[in-house]
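A.B. asks: Assemble the whole structure, with the sequences as input and the hints as a guide.
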Amino acid sequence: MTPYTALLDRVRAGALGPDPAALRIAVAFTTRQAVRHDGRGTGYRNEVLSLRLAGAVGSCAVEPGALPEHALDDCVGADVAGLLDHPLEPVRVAALDAYLMHTAPHTPANGAESVPLPSGTSLEKSRARARAVVELLDLPAGATVLVVGVVNSLLEELGSCGLGHVPCDLKGGTTEWGEPVVRDALAAADGCDALLVSGMTLGNGTFEPLREHAVRHGKQLVMFAQTGSAVLPHFLGHGVSAVCAEPYPFFWLDGGPGVVHRYRATGGRR
147 MTPYTALLDR VRAGALGPDP AALRIAVAFT TRQAVRHDGR GTGYRNEVLS LRLAGAVGSC
207 AVEPGALPEH ALDDCVGADV AGLLDHPLEP VRVAALDAYL MHTAPHTPAN GAESVPLPSG
267 TSLEKSRARA RAVVELLDLP AGATVLVVGV VNSLLEELGS CGLGHVPCDL KGGTTEWGEP
327 VVRDALAAAD GCDALLVSGM TLGNGTFEPL REHAVRHGKQ LVMFAQTGSA VLPHFLGHGV
387 SAVCAEPYPF FWLDGGPGVV HRYRATGGRR
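To convert, note that position 78 of the sequence shown is 224 in the numbering used here; the numbers rise steadily by one, no gaps.
Keep in mind the hints are simulated off the structure, nothing from the lab.
Note that this is a predicted model, so its numbers are computed, not measured.
Among the hints, erroneous ones may be present.
To be verified - Simulated restraints on C-beta separations: (1) 215 / 281: 36 to 42 Å; (2) 405 / 284: 42 to 48 Å; (3) 164 / 281: 32 to 38 Å; (4) 162 / 329: 22 to 28 Å; (5) 266 / 216: 37 to 43 Å; (6) 222 / 332: 36 to 42 Å; (7) 215 / 254: 36 to 42 Å; (8) 262 / 318: 30 to 36 Å; (9) 216 / 163: 14 to 20 Å.
Don't be surprised by glycine CBs; every beta carbon is placed ideally from N, CA and C.
C.D. replies: And the structure:
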């Protein structure tokens, strides 16, 4: 049984809070974004499914255009227990994230260190978030980091810290600076000293092999998570060494101040 399966079993049994069958999703929505930061030559698109449970919002990123229209209708008014068994993985992840955000929000009592993000342009906020993420790595200069889920600001920040990187994304392509983006994360992981991984891997089924690799080789695995921001801290000490959690609303939605929540294996959830 994987830690993810064990976590699901505990939630279904009501071991981490109220019976999920008694809790219903009030609002389901998607957020679509296209961005090209000022001064950057390339852009990208995001799409995120979010579910509102009481005062909490759980989220899971999806490939743009991949989420069926009926997914929102399936979620609205549905109980969380039923959505944890929904045929679509992003719905299951978003439902789990919403439940855990509801029962154990990102607070110091739950192990979170809140890091403010300043107001500013989309690029300024992206770089501020990148600093908060990269600070969770404990590596000597010259080490190489596998970055799964290419974010140019993260690659830029790694370079400023004297760290090398191998960019990886299922879509392939090139980075802002023309570097090739590899598609096979596990094949690339063997040659890297640490892993910096997007929470989106929860929603596309690629998280568990990376977690197992980190455990097997004793490597740091730092997660930056808009997807599953309340889920991933539960894996601290089980292959995940640190998490930078960023629940909805995400930094790219407005120019005002924001916040991310950092967890480390020595002080996170269990």
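A.B. asks: For every hint, state whether the structure bears it out.
C.D. replies: Verification of the supplied hints:
1. 215 / 281: 36 to 42 Å: At 40 Å between Cβs, range holds.
2. 405 / 284: 42 to 48 Å: violated (23 Å)
3. 164 / 281: 32 to 38 Å: With Cβ atoms ~35 Å apart, the hint holds.
4. 162 / 329: 22 to 28 Å: violated (35 Å)
5. 266 / 216: 37 to 43 Å: Given a distance of about 38 Å, which is inside 37 to 43 Å, the answer is holds.
6. 222 / 332: 36 to 42 Å: holds (37 Å)
7. 215 / 254: 36 to 42 Å: Once the Cβ atoms are compared, 40 Å apart, the range 36 to 42 Å for residue 254 and residue 215 holds.
8. 262 / 318: 30 to 36 Å: holds (35 Å)
9. 216 / 163: 14 to 20 Å: violated (28 Å)
Hints 2, 4, 9 from the list above are not met by this structure, while the remaining hints are.
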